[in-house]
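Chemist: Model the placement of chains Y, G and A on the given structure of chain E, informed by the hints.
The lines below spell out each chain.
There are 4 protein chains.
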Amino acid sequence: MTVGVWLVGARGSVATTVAIGAAAIRSALVPAQGCVTELPGFPGTLPRIADLVFGGHDITDISLRKRAERLSESGVVPATLPAQLGRDLDAADAEIRPGGVPVARLIEDLVEFRERHGLSRIVVINVSSTEPPAVPRPEFGDLALLEAAGADILPSSSRYAYAAFRAGCGYVEFTPSPGPTLPALMELAARESVPYAGRDGKTGETLVKSALAPMFAGRALRVRSWSGLNLLGGGDGATLADPAARASKEISKDRAVPAVLGEEVEGRTHIDYVADLGEWKTAWDHVTFDGFLGTRMSLQFTWQGCDSALAAPLVLDLARLVARAHEKGRVGVLPDLGYFFKDPLGSGEHGLSTQYDRLRAFAGELA
Amino acid sequence: MTVGVWLVGARGSVATTVAIGAAAIRSALVPAQGCVTELPGFPGTLPRIADLVFGGHDITDISLRKRAERLSESGVVPATLPAQLGRDLDAADAEIRPGGVPVARLIEDLVEFRERHGLSRIVVINVSSTEPPAVPRPEFGDLALLEAAGADILPSSSRYAYAAFRAGCGYVEFTPSPGPTLPALMELAARESVPYAGRDGKTGETLVKSALAPMFAGRALRVRSWSGLNLLGGGDGATLADPAARASKEISKDRAVPAVLGEEVEGRTHIDYVADLGEWKTAWDHVTFDGFLGTRMSLQFTWQGCDSALAAPLVLDLARLVARAHEKGRVGVLPDLGYFFKDPLGSGEHGLSTQYDRLRAFAGELA
Amino acid sequence: MTVGVWLVGARGSVATTVAIGAAAIRSALVPAQGCVTELPGFPGTLPRIADLVFGGHDITDISLRKRAERLSESGVVPATLPAQLGRDLDAADAEIRPGGVPVARLIEDLVEFRERHGLSRIVVINVSSTEPPAVPRPEFGDLALLEAAGADILPSSSRYAYAAFRAGCGYVEFTPSPGPTLPALMELAARESVPYAGRDGKTGETLVKSALAPMFAGRALRVRSWSGLNLLGGGDGATLADPAARASKEISKDRAVPAVLGEEVEGRTHIDYVADLGEWKTAWDHVTFDGFLGTRMSLQFTWQGCDSALAAPLVLDLARLVARAHEKGRVGVLPDLGYFFKDPLGSGEHGLSTQYDRLRAFAGELA
Amino acid sequence: MTVGVWLVGARGSVATTVAIGAAAIRSALVPAQGCVTELPGFPGTLPRIADLVFGGHDITDISLRKRAERLSESGVVPATLPAQLGRDLDAADAEIRPGGVPVARLIEDLVEFRERHGLSRIVVINVSSTEPPAVPRPEFGDLALLEAAGADILPSSSRYAYAAFRAGCGYVEFTPSPGPTLPALMELAARESVPYAGRDGKTGETLVKSALAPMFAGRALRVRSWSGLNLLGGGDGATLADPAARASKEISKDRAVPAVLGEEVEGRTHIDYVADLGEWKTAWDHVTFDGFLGTRMSLQFTWQGCDSALAAPLVLDLARLVARAHEKGRVGVLPDLGYFFKDPLGSGEHGLSTQYDRLRAFAGELA
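For the protein sequence lines, the chains are E, Y, G and A, in the order given. Using UniProt numbering, the first residue of the first sequence is number 1, and each one after it goes up by one. Using UniProt numbering, the first residue of the second sequence is number 1, and each one after it goes up by one. Using UniProt numbering, the first residue of the third sequence is number 1, and each one after it goes up by one. Using UniProt numbering, the first residue of the fourth sequence is number 1, and each one after it goes up by one.
Keep in mind that the hints were calculated from the coordinates and are not lab data. Please note that the accuracy of each hint is not assured.
All copies of an identical chain are treated as equivalent in the list; a pair is satisfied when it fits inside any one copy or across any two copies.
Simulated crosslink set (SDA-like; lysine to any residue; CA at most 25 Å straight-line) [stated by the list, open to error]:
| hint | residue 1 | residue 2 |
| --- | --- | --- |
| 1 | Lys66 | Leu29 |
| 2 | Lys328 | Gly141 |
| 3 | Lys328 | Arg137 |
| 4 | Lys66 | Glu365 |
| 5 | Lys328 | Gly150 |
| 6 | Lys66 | Pro78 |
| 7 | Lys66 | Met297 |
| 8 | Lys66 | Arg296 |
| 9 | Lys328 | Glu38 |
| 10 | Lys328 | Tyr273 |
| 11 | Lys66 | Gly294 |
| 12 | Lys328 | Glu349 |
| 13 | Lys66 | Leu39 |
| 14 | Lys66 | Ala79 |
This is chain E alone, in the form it adopts within the complex (with noise of 0.2 Å):
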């Protein structure tokens, strides 16, 4: 079965990470790092990542070439591999539509999509730039007076998701923007019986928190504080300079703790765009607890990591496990798939390893 992936975001760094591993992975240059479905245990029956077509919207021209040469520079990519899969970043430059314009044509970007290339499933990814949270408005509560509003009201993200279930396909909000989680929506995407996922990738600083938070609830260690402060320079920290965008982010960020110790704890998380530091990101967490007898101890841990290596394969494996789910006939948010995100949909679950275990089931379900 063929499956395609429209990126939403297409020209952008996470996009183009994808797309220029996954066809160095289909040319065996590189072995699949990062993939979690090609661990021992994912089923043989998700669709191949060397069969996955790649198509999406963008607001911007520059090609994919070019924005590959840029991450190469700024060592996300390897140097060789730009000239080396030339072809196959044109050809994925060719599947790319502007974005930004009306809901109908959106949907017939999707559908024309699915045509040229005679797909089985086409799943949406949004990797586009943070929005900031929606603003309520009677319609995103009720499909019928949404439609009569016409769906161009909804906010961008939410624009997307809406044209992805109307197209028939599967959705997956990989940012803390909207998206799918608007009533509206969701009663659309029953109509539809298309599955969702979501949201904001947990690729780096939450990752790990939702690591640590466990260890300390399992040893009855009573965490007093967590702070940090993110530095990120690169398109997604010029976007979270803006407060507005940098909110859904922070918000995104300090569910995972809370969630896993089932109380209220101290501190923040600060989130500072830095441009030295380009498409890298450094996070600096530092937590207090208290042990016996309320001796205070304390953690403190530095992640420095390249969030569109760490968001890339996350997207690849999300598009495999939403077309095999919409194949198997699953219908809605997919609270399973809780592992890859910040704020699961569908899932009140931030502990890793409890996630990772629901991911493993899951997978087996779709055997």
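Modeler: Leaving out everything else, chains Y, G and A in the frame of chain E:
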């Protein structure tokens, strides 16, 4: 049912913290923070902390009051407790017998302790100084040969394990010392129908390692190097300043990561004695790993903990669990207690969450 | 010669630590560790710590004994001192007057303090809470206008500076508050022939910054970004939870690096109130820099300090130096004391070693 | 005046970075970032970087082009430079002679280098692998005995120093090896009227230590312990995996702190070879110190640097300064160059700022 807890190294920092902590919990002066078996889901059939009776062996004769005062000066124990709980400490003091005596004497001490208090069960827990790895001898591999030669040829920790088994007591090896791991002693535990568990309490840096290593494995991120430096003072630090003793510890500390990742990883863990740190420990770990397309990333953490405060509640947990397992007729090694140990006897599982799941399942069986 | 030290915020953590520390040094219970003016090379002509007499203003009336006991509970002050030095604390207590009163009253308090103890000099030192930056008024720029309007229109810290100058006392602004920096007050200091120094004691993170920034400059390494997060509890932290007050502090904290490097540097310093940290502070700084051929490198540090313990000995140093400078006829700002401050009044020099050289030269002149 | 720079270890990472960097500066492709002698205040009378001619000894014969390509792959050198500057690298290649040959041959190589290029001065700089400390021999202590026995009995680094002096060249020991420090060689330098400097370039962790230690001293804060772990890959790391070689390095690394503080300090510095780090180095230092009233505090830092990029510009600085000092008739050790070294020959000063002041004064004398 009244359970006895017999601590080898009964005047050390860990044992003193156990004694004063149990007394403080009994007097409801502090919550049982740090005690895993007090978490929701652990059965009410475990012996109550308030019902535990303490005794032990030690080669020094400094009083528990004095030790407790020293611990409060260094911030391990709240300043007010030693005075408030002086009587309890004196009572525990009265149950401590000279260590380093012949095995026959050790056995009598345990039997007399049982009779003195009409104890249904005794759990012997070794919290004394780390020994060098045992030098193999044929007698260590065969119970008949051992009993012919006499148990006094055993390394110190193993003499205590031998005495415990002969006296019908469960045993916990909380240090990296040989203790019950010699084949002859496993034979003895089976013959005497007693359970045991170990070894080397997982209290700090290794605890964090065993929470983080599965994160890398589960995300298909390849760990390229894992290096660490442990700085610790106190009696434990002084012992580990001896290269032979340190060897046992470093071997034990370096097990978790390759076991979880399923391959050897470059790098090693250093242990330094820094007297100035007193009862406190600082550990720094540095991890390099590869992501998608081989992008290099790193994680480092600094753990600042107090080993006595971290170990003491686990000693109480182990006493409760092993006593109950004994009562339920469990014999030999208890692999499901691996959650508590750096070098889990009877189990190859080092991932913290999986160990925790097994512990909870085991606790369920003890209900 | 007997010198008076008048502390504004006389019941705060810093002032309490000053009072008990000076008493402990007088009683030879502790060495004068942390006192710069006790280092070799500082002249014997400075007033002796043992001879200083303490008084001050505060708006609260909790006793110094109570404050000292709390500080000892949080580990700032050795547990035994508050009891041993209770009488000294009561004596200092008896010299504290209500703050927040009209300037006329403040002046009388100083005059009475001088007469009561036959003091040759008084140094007023502001160690109270940080204020927001002053809202400009014409009267602040012109002494005649100010005295016409009445000094009670001044911001709180400046009222104390005004009172100090009018009473013929030297003044030290140890906070980032406006204090003596208003032109009208500089005029007054000149008219009254009194010296002053400031501002914002350089006790922790900024101290390290001012030691490291010259290292980069002197090696021709280009600093590309410098970011930081300060986590602090205590009264200071609570005050700085207020954005207006925090503004003063952040401005002050961000001066050193660009001043030393001679150019603006990307990045900023965050301040978070984390009540759980009590009297302690943890600061993390992250620096990226370019080397030869533009190679990117980084340095990060974590500072874990106790502001009161770091500030108190500097308050004693400043009292001794300003009193002696006053005696030697120095008038107006004392730029050579920049070593002690984040925002050195009268000097653009922020490099720590250069500031230290100037301080020693200045001390030489006071011999 | 044309100055020759003769590098021992001419095909190593540092030497290759020096060669390509000097060529890039000559071609105005990069600024001379990291070069101290390019800072304002250094005299124009120093030989220009663009005028330096490079040659050297090495025991391997891999081409500089190849080495430069490898360095660019590991991010030490911009990817475009090796191709752009291939001709310069070939020219430098042509001036490299086989190392490890008899002293007589080494001398001839230097003499021929001078004649070939009509050089007014040559500075020999050892940037080869670290040697173990020298095993004392009577000949090392007396020039007459040494020349009777023949210079080939010297340790490798000292043979190069001997050859340099005999050929009338200045010498810089950039490694912790014995080099010119044997009394017989000091005698020779005096007899031949040549200057020398050393030893062990202060490029990373020790640089930071020498900036921070004076901060503690100048604030009368008592350093209680200073521990560190260095993780490094590359050729240097591989050499230092040998305990004997590591000994030289660790001795050299542990000099700065006690020298600045005037007392021994608990703790040590570990060096680990971590091949995965390639040309990069990560060092973590942990410092505990006492403040006022004995309050315990701590500072830790993590340095992530590239030794070649840090060392190369200092090699250029030293070549310029030693050549000029030679021209000005300076003979023997140059203590004012201690700013560049972990183990400053001829000087007990380890404080970075004081060393920098002395360097600038010295540079002034060379004007």
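Chemist: Going back to the hint list, which numbers does this structure go against?
Modeler: 2, 3, 4, 5, 10 and 13
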